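Hey, can you work out the whole structure from these sequences and the hints?
As you go down the protein sequences, you meet chains A and B in turn.
Anchor point for the first sequence: position 234 equals 234 in my numbering, and the numbering is continuous, going up by one each time.
Anchor point for the second sequence: position 334 equals 334 in my numbering, and the numbering is continuous, going up by one each time.
No lab work stands behind these hints: they were computed from the structure.
Misleading hints may appear alongside valid ones.
[Said to hold, decoys possible] Below 25 Å or equal to it, Euclidean Cα-Cα: the simulated SDA-like pairs (lysine to any residue) are:
(1) B/K330 / B/P308
(2) A/K182 / B/S77
(3) B/K24 / A/G74
(4) A/K19 / B/S77
(5) B/K339 / B/V235
(6) B/K22 / A/N59
(7) A/K22 / B/R36
(8) A/K19 / A/T44
(9) A/K110 / B/L274
(10) A/K343 / A/L142
Nothing here was measured: the structure is a model prediction, and the numbers come from that model.
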Amino acid sequence: MYNQALQEACDVLVNDLLKVQKDEVFVITADMIADRAVVDAISTSATRAGAKLLVAWMNTPDGVSEAADPFLPGQALVGMLSATDIWIELNCKWLLYSDVYYQTMKNNKKLRHMCLTGVDAGSMIGCVGSVDYDAMREFTILLRDKIKASGEMRMTSALGEDIRFHNSPSHPVSCKLGVVDKPGTHLFVGQIGWTPVLESINGKIVFDGSIAPDIGIINTPVEMTVKNGRVEEIRGGREAAAYEAWLKSFNHPQMLSVAHTGIGFNPGAAVVGSIIQDQRVLGSTTWGFGSIGAGLLPPDGIKAPSHSDAVCLNTTLEVDGILWMKDGEFVEPDLAPLAKKLKKR
Amino acid sequence: MIKLYEFEMARAADEIVRELVKVKPGETFVLTADTRSDEDVVNATARAIYAVGGKPMVIWLATPPGPGRMVDDFLPSEALKAALVKADCWIEFNTQYILYSEISEYVQRNSQKLRTLCLPCMHTDVFVRLFAHTNHAVLRDYLAKVRDMIEGAKHVRMTSVAGTDVEFFNNPKHPVFSRDGYADTPGTHQLAGMIAWAPELDSINGVIVVDGSIVPQFGVAEEPVSIYLEKGVIVKVTGGRQAVEFEQYLRSFNHPQMLRPAHTCVGFHPNTKLTGQIGEDERIWGGTQWGFGSVGMHLIPPDGIPAPSHIDCTCLNSSVYLDGRQITDKGVVVDPLLKEMAKALGK
Chain A
1 MYNQALQEAC DVLVNDLLKV QKDEVFVITA DMIADRAVVD AISTSATRAG AKLLVAWMNT
61 PDGVSEAADP FLPGQALVGM LSATDIWIEL NCKWLLYSDV YYQTMKNNKK LRHMCLTGVD
121 AGSMIGCVGS VDYDAMREFT ILLRDKIKAS GEMRMTSALG EDIRFHNSPS HPVSCKLGVV
181 DKPGTHLFVG QIGWTPVLES INGKIVFDGS IAPDIGIINT PVEMTVKNGR VEEIRGGREA
241 AAYEAWLKSF NHPQMLSVAH TGIGFNPGAA VVGSIIQDQR VLGSTTWGFG SIGAGLLPPD
301 GIKAPSHSDA VCLNTTLEVD GILWMKDGEF VEPDLAPLAK KLKKR
Chain B
1 MIKLYEFEMA RAADEIVREL VKVKPGETFV LTADTRSDED VVNATARAIY AVGGKPMVIW
61 LATPPGPGRM VDDFLPSEAL KAALVKADCW IEFNTQYILY SEISEYVQRN SQKLRTLCLP
121 CMHTDVFVRL FAHTNHAVLR DYLAKVRDMI EGAKHVRMTS VAGTDVEFFN NPKHPVFSRD
181 GYADTPGTHQ LAGMIAWAPE LDSINGVIVV DGSIVPQFGV AEEPVSIYLE KGVIVKVTGG
241 RQAVEFEQYL RSFNHPQMLR PAHTCVGFHP NTKLTGQIGE DERIWGGTQW GFGSVGMHLI
301 PPDGIPAPSH IDCTCLNSSV YLDGRQITDK GVVVDPLLKE MAKALGK
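Dropping the structure here:
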């Protein structure tokens with residue numbers, strides 16, 4: 001049954017979302033800790049759809065993004081991906097925001113890149129196979145438009161989080177509608193991300209979901225003090241110490257700067273230690289640090305040696321004085337009824 | 001439960017990576033395979049590459065309907081080419097090999113650094129037999145001597161126990177390759193154990209009796225297949241069921257080069273046995289081998305001769321005469337110098 005559910009989820013990805021056409025060049029990249037069952041199931045779906053499949057396995061880098069570059073067969077990868085129609089990235093140590101990624105996206109303007117870093121069978125079934133895409137699109141567009149129109153935001157939680165910032169109308173609000181048949185980088189549905197006015201971010205964030213890369217699921221909440229968009233202090237247990245050491249190991253100021261925030265609302269997502277799923281948990285919020293993609297902060301973003309994402313669960317979100325989420329549940333009158341329809345029945 | 005030759009695989013892979021390809025830290029090493037390739041062989045090689053500091057990139061592909069140019073439209077050719085021209089090393093484990101395809105030719109033309117080792121259809125038992133237990137340095141010296149002898153000959157005659165009797169002239173413009181397995185210089189390299197060259201094609205006359213294998217399309221020969229040649233063109237094929245199928249197969253392409261030889265070879269790998277595996281069969285000690293169809297650009301420079309596909313046929317227990325001087329008799333080395341050198345290979 002599990003295999004059947006995985007195959008169905010991969011069929012949804014290939015046929016409904018990517019809309020793969022016959023003879024399209026379909027490349028899957030994976031590292032040695034990627035889930036082979038997912039690679040094989042997507043391969044089956046792509047072959048069935050008539051694509052020209054190429055699966056490239058590589059060793060597992062010690063880091064992600066730019067930190068992964070020295071470990072990768074970079075130019076061979078860039079060359080290959082520059083001559084590809086569809087790229088499914090299943091590498092656990094993600095290539096997103098690496099030199100390989102930037103060069104590829106610059107060279108190949110037709111590429112549909114699906115970033116599924118670290119996705120295992122359970123994530124595919126939950127985050128792709130269990131979604132009602134019509135409801136998801138309607139909800140996502142509504143939430144995106146509301147964020148675009150918003151000004152002041154405050155996120156709090158039962159664990160003591162209290163962070164405030166304001167948004168800029170000139171910063172894009174990035175969301176995925178589940179239609180990935182257009183060029184560019186695509187992710188699972190169920191998350192909206194944007195870069196606030198960086199200098200306006202002040203307060204305390206408390207992470208209790210997971211941190212990627214390297215740290216994983218959080219056992220002891222990690223408290224981070226942010227002043228004017230810069231990390232001032234990190235406190236907590238073992239994970240807090242490890243995270244602070246990791247961020248500082250790059251000796252790069254941008255690694256200690258906020259890159260983006262986000263809201264998760266994929267009904268199949270659970271905290272599993274895989275960031276692409278963790279940051280989509282319904283009612284969670286995510287903060288990114290380090291490199292900022294051009295899509296979030298045009299025209300060039302901000303480069304940094306790496307990027308990290310950290311997740312807060314059960315967030316309470318207040319926007320311009322109106323309560324949108326209460327302890328992770330959407331309560332805003334327009335959003336609340338739609339949020340209940342996101343899971344496929 | 002332990003897998004077939006699980007321990008020995010590491011030694012075979014190390015022999016390839018360290019001794020033959022001489023991989024250096026940081027080199028990009030692409031391994032290509034199709035869905036009929038032996039995954040254990042591919043992964044053992046990738047492990048050995050990583051162990052010496054190389055960057056392995058293992059590319060798995062669907063299996064095309066045939067080898068050579070039959071792969072071009074089937075595979076994601078542009079993506080493959082782009083990866084390969086940027087690589088330092090490439091081992092081809094594909095069962096339907098890419099060699100002789102447009103992909104292969106493009107990569108050869110556009111990469112000045114790529115070291116390619118063609119090991120199509122390589123399976124665990126062959127892999128271990130031919131790599132884990134072979135002294136390649138000694139074999140290289142032996143093969144170089146045979147190559148020099150062939151290069152110096154104008155006329156060649158090959159006969160066999162099964163009835164082969166074919167003769168031809170060499171063309172001094174066609175290189176004679178010693179396939180010694182070393183892939184430590186740019187270019188296309190092959191499994192060790194044979195000398196390969198393209199004769200003056202129009203001069204080939206006689207009968208080739210295939211009693212080894214017909215690969216990769218047919219496998220081990222069930223009964224001898226006799227191929228009659230006049231001025232380098234197949235005029236008749238006789239034998240049993242496979243002979244009929246073989247001729248039908250060649251004619252199905254409606255292409256004149258599919259009815260013409262592409263190259264000949266003499267085999268001298270000390271550890272081979274007849275298995276139907278393309279690389280191993282054509283290197284059987286004392287055998288001769290003929291390819292038909294596309295001719296690689298390395299065999300007849302500068303462009304080779306294109307054709308839709310390629311097929312290789314092995315004759316066992318052969319006798320080879322170079323300008324009338326016999327070097328092997330029914331598969332046994334008789335030339336005094338070669339006989340002495342062969343002792344170091346256990347022959």
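We went through each hint and held it up to the structure:
At roughly 34 Å between alpha-carbon atoms, B/K330 and B/P308 are farther apart than 25 Å, so this suggested pair is violated. With a C-alpha separation of about 23 Å, the suggested pair A/K182 and B/S77 falls inside the 25 Å cut-off, and the hint holds. Restraint check for B/K24 and A/G74: the C-alpha separation of about 16 Å stays at or below 25 Å, so the hint holds. Simply put, A/K19 and B/S77 have alpha-carbon atoms about 21 Å apart, close enough for the 25 Å limit, and the pair holds.
Of the pairs offered as hints, the one joining B/K339 and B/V235 is violated, with about 37 Å between alpha carbons and a cut-off of 25 Å exceeded. Of the supplied pair hints, the one linking B/K22 and A/N59 holds, its CA atoms being roughly 19 Å apart against a limit of 25 Å. Restraint check for A/K22 and B/R36: satisfied, since their Cα atoms lie roughly 22 Å apart, inside the 25 Å limit. Distance restraint check for A/K19 and A/T44: the Cα-Cα separation of roughly 15 Å lies within the 25 Å cut-off, and the hinted pair is therefore satisfied.
Proximity of A/K110 to B/L274 is assessed by CA-CA distance (about 49 Å); at most 25 Å being required, the pair is judged violated. Distance restraint check for A/K343 and A/L142: the Cα-Cα separation of roughly 17 Å lies within the 25 Å cut-off, and the hinted pair is therefore satisfied.
The earlier numbered hints that this structure contradicts are 1, 5, 9.
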